[in-house]
Amino acid sequence: MNVASELTKEPALSFARVMSSAPLIIFVVLLIYLAIAAPNLLEPSTISLILKQSVPTVIVCLGLATVVVAGGDDVVSGGIDLSIPATAVLCAGVIADQLTNHGSSLFFALALAIAAALAMGIVNALLVVFIGMTPLLATLASSVAAVGITKVITSSRRINIDHPFIIYIRDGDIGGVPSAVLVAAVFVLIFCIAVHRTRWGMQLQAVGGSREAAEVSGIKASRLVAQSFMLAAIAGALASVFVLARGSGSTPGSEENLLLEMVLATFLGAAFSPRRIVTVWGAVLGAVLVSVLSVGFKSIGVDVFWTGCIKGSLILIVVASAAYTGKAQS
Amino acid sequence: MTLPVDYILEMQNISKAFPGVQALDKTDLRVRRGSIHGLVGENGAGKSTIIKVLAGVYTRDEGSVSIDGQAIDTITPIAVHDAGVRFIHQELHLVPHFTVAESVFMGQELQGMLGLASRRMQQRAETFLRESLNCDIKGKTLIRTLSPAEKKLVQIARALIDDQAKLVIFDEPTAPLASGETEQVFKAIRRLKERGISMIYVSHYLGEITELCDEVTVFRNGSTVAVMTDIDEHATDRIIHNMVGRDIDALYPAKTVSPGQPLFISSSLSDNKRFFDINLQANRGEVLGIAGLIGSGREELIDTLYGLSVPTQGSIALEGKTLRLNTPADAVANGIVLVPRDRRNDGLVLDMSVADNINLASLDEVAIARMEKRGAAQKRATRLSDQIDIRPRNAKAITRFLSGGNQQKVVLARWLATQSSVFILDEPTVGVDIGAKVEIYQLIQNLAANGAAVIVSSSDPQELLGLCHRVMVMYRGQVVADEQALNLNFDALLALSTAGVATAVTS
Amino acid sequence: MSESAPSTTFSGFGPKAIFVRYGFLIIIAAFFVFFSLYTDSFLNANNLLNIVEGSAILLILALGMTLIVAMGGIDLSIGIAMDFGAAFAIVAMKEYQIAWYVAVFIGIAGGSIVGLLNAFLVVKLKVSPFMATLGTFFIGSSVQRIFTNGGGPISYRRVAQEYRDLAVGDIAGIPTEVVIAFVVLVIYFLLLERSIFGKRMHAIGMQQSAASIAGIKVRNYLFFGFVFASATCAIGGLIGSANLRMFTPLAGYSYLLDAIAAVFIGASIHPRGRPNVPGTLIGVLFLGIVANGLNLMGLNFNTKDALSGIILVGALALAVMQKRLR
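Protein chains in written order, with this note's numbering: chain A, 118 to 447; chain B, 12 to 518; chain C, 1253 to 1578.
Honestly, the hints are just simulated from the structure, not real lab data.
For every residue, glycine included, the Cβ atom is placed at its ideal position computed from N, Cα and C.
No incorrect hints appear here.
Anything over 12 Å on all C-beta distances counts as not near chain C; from chain A, calculated:
(1) 154
(2) 280
(3) 287
(4) 310
(5) 393
Restricting the straight-line Cα-Cα distance to at most 35 Å, the calculated cross-link-like pairs of lysine-lysine (DSBU-like) are:
(6) 1469(C) with 448(B)
(7) 177(B) with 198(B)
(8) 198(B) with 337(A)
(9) 204(B) with 162(B)
(10) 1378(C) with 337(A)
(11) 332(B) with 266(B)
(12) 63(B) with 337(A)
Next up, chain A with everything else stripped away, as it sits in the complex (with noise of 0.2 Å):
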């Protein structure tokens, strides 16, 4: 008997099925747009320039898709987590400013990092869980208090690092594979496994589900709630030392990009599963579709200013084919 094979009662093709599938058809459509456009798009070296571009992204979705499985997708009622590229920008800032101004060693460079990157995870733990303040309204309001202190700490100037660990991070590789890429790839592993292939995760994503199912069923959703936000603020100090790399420094509002993306990434990613729900997996291939069509859409000519507009109307398509398919379910 194969269990594996049987597949799940999904309903047949049907118009809404495809109307679901509409995000990935647009993007399939670009992509091959873009390669016959521009070729040199699928030679290593680009391949791996864009893997390389996408990994802060990636990072911070992990982040987020920790939240969002815990929370749900409902962004306004759901789990949201906007404050994960502040935390970004704050650790990138912390660490800078220790590394070249301070003379600090990377290893209490780091630390403090982290230690500032669970400040903010508790800030935001406490808000929603303690407080009840909707998560939306929380992060957006600890990330604007984030984006303060790093002003305070950088005194809003760029500050360059030539830190060998950032060097290498930037420019280092292990058999030709960036070792960034590399290590991304070990957080995502991680988070990937704790979040669908444990018992916590099978929790968490309960909570994200049903609240109150899963607190029928004996599950502590606050504390995982809680726990949610502090992965999705470590995230977001691990994120750091990629925008460190990929900018050779700390630059001041480097967060409102990755906020975007990070958003249009892990909700895009929803249109990649099965279920139609928000996956790690999901949101990571989603930053890497994204990274594609910025580097893409960059070696065409595509005057940079167009990005957010592209960005923005994706999101807009992804969100809106997802809402028509709810309705059409219902």
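With chain A held as given, fit chains B and C onto it using these hints.
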């Protein structure tokens, strides 16, 4: 001297007071080992309070509790769970995108060497559902593709999968199910009884109580008024008598004499999915019933008649004039109004005051230059709520805190405030206690007497026969009968709904 | 003296009860007192007028936000609507020599485009307001960057004096922008808290399906709400551009979180936790007092940003806590 009886649960002299209310007053509840024990009473009689005392949600003021012969002093949720007591709540508490296996093992996941033991959980869930609950579904099936009855069974499986259950409390397990689907749940419950599990069955559906239960405890006003041990299909009348403390001879008011002209007509109405070629005719002064199981297209037809969905074929006409109903607002503008089946989500804005809810559909009449005249609005709402006896008599009360019956009256009051001519009522008495039921039936009869066309859609055959002049029966999306209620009886109606033919099919 | 007697007599006035009832107002008062003591100039009449004047634009945007939140949504693109209002008006006057009073309407129409897009996405495509307005926000920001070649301001020094007076003039001694904000406030109060439209909007915000079944044209109201809110925000943009005599791309973004905060602070003061117009006014004034006070304390720009961010988190946390304890 009688033999000592073996009780799985003994709750004696239980009292529980809330500020201003004695919810339980020296109440007893005893359940024989291996029996199904019915617990009935009107809303507010204390059923849910005693269940919550047993669950450890409320702490009792006095009284003793013993489970399986063991006295329990401090009841905590963990202590009763460890004693083998399981609760099947009215709400399903399932995650739509989880699989059956994931749902059954929610919060009690099995772990193997490498993380989750997914395969083992699937197999155990399938085996348990098949052997203990008589239900053959695959562990990988997604919850959202299951029927309501199958979902209920998954919920039951989750509570019982650890094989430690001795006493299971069912709270209105069939509330979301159509009458045809209840049988699947009943079979599962009987199977559990064969396996020696004792059960408490709480329900408003007295037919289910008499069909399933061995004994029945009746609560009234926080006290045990009767423990009935001779339960057969004729026990319903005695149970009602005990519940309300009097006979309800006239549960249903006298019907108005002569229905008038056709008012609201649908011709060949189809949505090409759930109902086909429906020719419905509602007359002035008449209560028209619509019978049918869930899935018969009854709900979808009601939605279409009210503009909640658009038909693919056919037309709807009011007084000979064809209507295009694209939204409920179109229906209301034409004097067609709906009392929806899901009162708390669709019927009322729960956090608004009673007055606001009553005036919501006719705000123009309490406004000057589009500004609300707040005094007039209040007065009008008070007059209407007095007229149909909404309690508490305070139009400023927040609607959320009213009882089910009073909430339903608020919905009715809203439509009484409009000058409407077609009243569509979908399951108007679900979750309403018997006293309020009688009043709502009277209101419906009055509407018809005043010349309105009333359409009542219900899954309760008794209610349709008692209330309606004419009953239209739907079966698999089609009308299989449209008869004067006088020409129908309970069995015929049930046969038509469940089999689509006038005589029950025997095989 | 019995020590226990007072506590039982005044049980309704225990710290918790007082906090639940007046928590936020006490905090506002505390900040007020603190700034009065700590700085010399806070309490003088001129400065208090400054606070009111400095809050005018935020109040206008926050009122637009109140309308959307009362209908159960959220609008992350109010800043874009404000920017568009300023851009359309300034460009109309600078490039096409259009009279200032026509430019005002062009500006409002320009802002309304943002609302139309939001309304289309939310009402027609059923996208959640958060996602829809987030998308609009990014598209709108990108459009501004494209249009200004990366975000340089468009300045028009020879703008008509009447237009300038929208920001710097006065009517009977009261600054025009305060008068405009007051008029918008009154309109919003009547619309949302007194008219039957407002009652229906609140019903939609509390329980959309029930409002729909009650015969309310939910889609029309949502459509109107998004367009009306963005038109309102465009007025804020007009005042901003009149003040600086230029269109500054992406200037509206800085108001977004303050507007959200003001609405939620306002909701926490309401007995049933609903967003409401008077509450939003109080929330805006609170934020104005904090911003003004921090300014007077002579802190450096970055420190001020950080402090106001932290105060914002604290204020919102308090507001929500107060609402929950009720």
